[in-house]
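A.B. asks: The hints should help you fit chains D and F onto chain P, whose structure is shown.
Chains as they are written, first to last, in the numbering used here: chain P, 1 to 527; chain D, 1 to 299; chain F, 1 to 307.
Everything labelled a hint here was simulated from the structure, so no lab data went into it. Please note: incorrect hints may appear among the correct ones.
Heads up, simulated BS3-like pairs for lysine-lysine below, C-alpha to C-alpha not over 27 Å straight-line [as the list claims (entries may be wrong)]:
{"hint": "1", "chain 1": "P", "residue 1": "Lys-292", "chain 2": "P", "residue 2": "Lys-452"}
{"hint": "2", "chain 1": "P", "residue 1": "Lys-457", "chain 2": "P", "residue 2": "Lys-85"}
{"hint": "3", "chain 1": "P", "residue 1": "Lys-140", "chain 2": "F", "residue 2": "Lys-57"}
{"hint": "4", "chain 1": "P", "residue 1": "Lys-193", "chain 2": "F", "residue 2": "Lys-212"}
{"hint": "5", "chain 1": "D", "residue 1": "Lys-205", "chain 2": "D", "residue 2": "Lys-190"}
{"hint": "6", "chain 1": "F", "residue 1": "Lys-57", "chain 2": "F", "residue 2": "Lys-72"}
{"hint": "7", "chain 1": "P", "residue 1": "Lys-186", "chain 2": "F", "residue 2": "Lys-72"}
{"hint": "8", "chain 1": "P", "residue 1": "Lys-186", "chain 2": "P", "residue 2": "Lys-154"}
{"hint": "9", "chain 1": "P", "residue 1": "Lys-218", "chain 2": "P", "residue 2": "Lys-90"}
This one's a predicted model, so the numbers in the text were calculated from it and none came from an experiment.
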Amino acid sequence: MLLKTLKHAALGVGLAVAMSGAAQAEKVLRIGNDGEPQSMDPHYISTVQTSRLSDDMIMGLLTYGQNGEPIAGAAESWTISDDGKTYTFKIRDHLWSDGTPVTAEDFVYAWRRILAPETGAEYASLLYIIKGAEEFNTGKADPDALAAEAIDDKTLRVELTAPAPYFLAQLTHQTAFPLPRHVVEKFDRDWTKPENIVVNGPYKLVSWTPKVEATLVKNDKFYDADNVAIDKVIYYSMEDRTAIQKRFRAGEIDVGRDIASEQIDWLRANMADSLRIVPYAGIYYYVFRSDKEPFTDARVRKALSMAINREVIADKVLRTGELPAYSFVPPGTGNYGEPAYADWKGAPYDQVVEEAKALLAEAGYGPDKPLSITLRYNDSENHKRIAVAVQSMWKQLGVNTELFNTDGKIHYADLKQGNFEVARAGWIADYNDAQNYLFLMESKSGPINYSKFNNEKFDGLMAEAEAVADLGQRAKILAEAEEVAMDGQPVAPIYYYVSKQLISPQVVGWVDNAPDRHPTRFLDLKQ
Amino acid sequence: MIHATASGDGLARVEEFKGRSLWQDAWARLFRNKAAVVSMVVLGVIAVLAVFAPLLSPHPYDEIYWDRIQAPPDFANAHWFGTDGNGRDMFVRILYGARVSLAVGLLATTVSLLIGVTYGAVAGFLGGRIDNLMMRIVDVLYSLPFMFFVIMLMVVFGRNIFLIFVALGAVEWLTMARIVRGQTISVKRKEFIEAAHAGGVSNTKIIFRHVIPNVLGPVIVYMTLTIPQVILTESFLSFLGLGVQEPLTSWGVLIAEGAKVMEFASWMLFFPALFLAATLFAFNFIGDGLRDALDPKDR
Amino acid sequence: MLSYALRRVVTAIPTLFVIITIAFFMMRLAPGGPFDSDRALPPEIERNIQAAYDLDKPLVEQYLIYLGRILKGDFGPSLKIRDFSVGELIASGAPASMELGFSAIVLALIIGVSFGTLAALRQNSATDFSVMSVSMIGIAVPNFVMAPLLSLVIGVYLDLLPTSGWGSGELRYKILPVIALALPQIAYVARLTRGSMVEVLHSNFVRTARAKGLRERLVVVRHALKGAIMPVVSYLGPATAAVMTGSVVIETIFGVPGIGTYFVNAALNRDYPLVMGVIIIYAVLIMLLNLLVDLLYAVLDPKVRYS
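For reference, chain P alone in the conformation it holds in the complex (with noise of 0.2 Å):
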């Protein structure tokens, strides 16, 4: 039945594809997708290749806007409480793409349903700052105690635990989406195939066939159609990088959402006109077990970050335009000024391995007693890179590492049992907030926590910044939070992430931006 469903769409898009070059009217935009999408049910995603899918289908009260950032979606207009807490939403007038009308309801919903335990949902926790979603979530307090309420149609009311100033980008997020209840409810986990699923935003899905494509179409009932002029994207599913850009090449796909790396010599001789490389919201680092020995000591984990030239990595190791990472808050992150660098920036790397040795003296590691340690990667070429240029970084100061690398699961696994002594992790931002990286090393953040790092004063001043509404404050407050963790170096960070893609000349609109959010609504192509 399935497979039926699935030959009969590839066969329309079979069709659609050989109509398009005769009618030219038909604007068909192909992206190669670096992965596998997970799902078509935002309750399910957690990877961003999917999400690419998701944000072009529905529409939560937020939505991203053409350089990325939060604009006004599902709802029209808000108001906040003076105290910050309380949020009331005014929802737009429009409809799921069956003709229902989009109502508060459909929003509280689909929170319930994402917080439900039942649902297993991995990312219900984005909607923790919730007043009562947590309790629900965890089971310690019924589906009413959240609250999200529908005070009628089009009027949807949220208390918030903390004057959250992030709350409102969070909102553009998968997990704040609304759902078609009535849909959902009829079919269950079904509702996502393309015969059946109802969607707000400006796409919707007509096939997907795993491992090849999934294919999406414009929704007429969509709000603001009359703006929308792609017809129809196909997100090919591709997990090898080379391959992406190879179909780049061969023009066929206008949009190759990663490259790879190890060519990045040749692309920027051959393909410079596409190749675009752009800040991105995220941070390489690695972490050091701060509750395990001979990482205890701080002046360990510091001499260890020191010794790091993080030039030499970005520079040649890299060589794809990442930037070196003194801090744990990328620059230019939101609702925060400039980060709070560590100590030894902008010194010269002689001199700072110079320091490092003292550091390491002083703990008693030198020539006599040689600290020996554990490198930990998961297996990616580049890991594996730096992990060889940190090793010999590393011998200057007498430290003998051995690398060690397997898979992804296990890595996790282990990063969250806490085997591991030194390894490399990263984070990507949910949300523009430099609360959204902080959090990492605070004790209350359990497994993610994955350093076990545990400073009084570093919890005290990101407890202090969650009570301030007022916006200067908070950030001001996050960075002296941000460098009590410099300080203590319980990670040492090494690159902020940029986002690499090709992207044809061909395509109009796409506006480089930090969250790396594109979507297909305001893209076009030159005929």
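C.D. replies: Only chains D and F this time, still in chain P's reference frame:
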């Protein structure tokens, strides 16, 4: 990754050996086979290079030259095969890779040999129900995808490539067991075994003293074909990113890295691939040569 | 022969059961779980997810649940591609894998048998050496080198065929993957054919046929080939099963929607139900093809009788 599981069946017909003269004959015939002789020379050279690797290059295998990253072959700095993406000398890394690749091939093959020969000989010799049961087990293991085993082994023993290949050998023995069993059954019916039985020699002794030496021919041939398969399997694991731990390397790792940059850093692919291909060709030609040489009808 | 075949099918059931059991427990030995990712989940959420997929129950109970499902023909949900059940994923991927695999085997048979025969007829000559060298390229160059090379040269430089992708299954998307899949098989088939052909050509019945003055071509095609093909036939069983269940390398590089990647990726993702699903498919296919090979043996060789 496909495994020639049945490539032994053709040679399973090789008759048992009747004395030293046959071995000498085979030896002489093998040396008349030019492809096999050339192959042995090639393998010999590669083995010598691998053993003396550190003496042959001024560069240590793990030294990073920051100013010569992914540099093409260059005689001034003695980077005869260029450098890799971390600025390490390719020539010396290929030789160190040879050590790992060859060791892994020999190790896994030896393990598979030990298990396969013993298992097959016991099954064939005892016959009857035990034989049936033992071969059923082999059938079951055959029906599990080889890749699944390899990945599970990788995941469980991820730390040590040699351990993995010991384990891999422990999976690879199935075909060997089948060949040996077939041979054993045919050897068992010969007079000298019956004589030994009548003389009261124990089963264990008969298997190890008489049966195994007599099935050695096809086993050796199959061995020369298993080694390249294992080396290829190792390279496939490296492609998946599950290869040997850095800074050690293997041909598979080098080739997997080189394959990603084949268009503009061709030396990173060409040289290790050349060594691998030469080795695999050599083993295969020696295997074929041995088979021809050991077949008494083929004169 | 029919009763023999039936008996084989019946005895396959306990074998399959053993395979499922081994695979199930082996897979669970691997550290790391399906929901471990770069974002460590809060313990409560992890518990919620585990409960949603019964992963919080004791292993033996999970095993029994799984067996119960399998008996009803339900392979369970995929833990990674959550909108599809394992059954749906296999149903959508298997046709592509089987088609490519079967084509590759046929291609390998045609080329491999001709090359092997040619080499055997000119044993130890320059022809023998060069034909065998060419056919062995497929096992001397790893397919993860050969496949991107083919795609680069033929897809990008010469622009004759698509570099990768599947379109809606047009022929031009399938040519390169089939060639890449067939190359190693050509090597194995050619070698097997050469070996047994050499043997058969020296056998008495071929000598007799020649002595009777039959034309050489007739001797080779009518008599020798029929004898020499036997080892190839027995090789075909497991090889066809392996090739028809897809190849992770070929599928990744050419973007083929087969099931081959699941053997590797599902194992690496700890997508337990999907791993089990493809293992079962593989086992069934290999048993089926082995049976077919044995029956084919009886047809080709009148001395073989099954009762």
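A.B. asks: For every hint, state whether the structure bears it out.
C.D. replies: Here is what the structure says about each hint:
no. : hint                     : result
1   : P:Lys-292 with P:Lys-452 : 9 Å, holds
2   : P:Lys-457 with P:Lys-85  : 26 Å, holds
3   : P:Lys-140 with F:Lys-57  : 21 Å, holds
4   : P:Lys-193 with F:Lys-212 : 70 Å, violated
5   : D:Lys-205 with D:Lys-190 : 16 Å, holds
6   : F:Lys-57 with F:Lys-72   : 21 Å, holds
7   : P:Lys-186 with F:Lys-72  : 25 Å, holds
8   : P:Lys-186 with P:Lys-154 : 23 Å, holds
9   : P:Lys-218 with P:Lys-90  : 25 Å, holds
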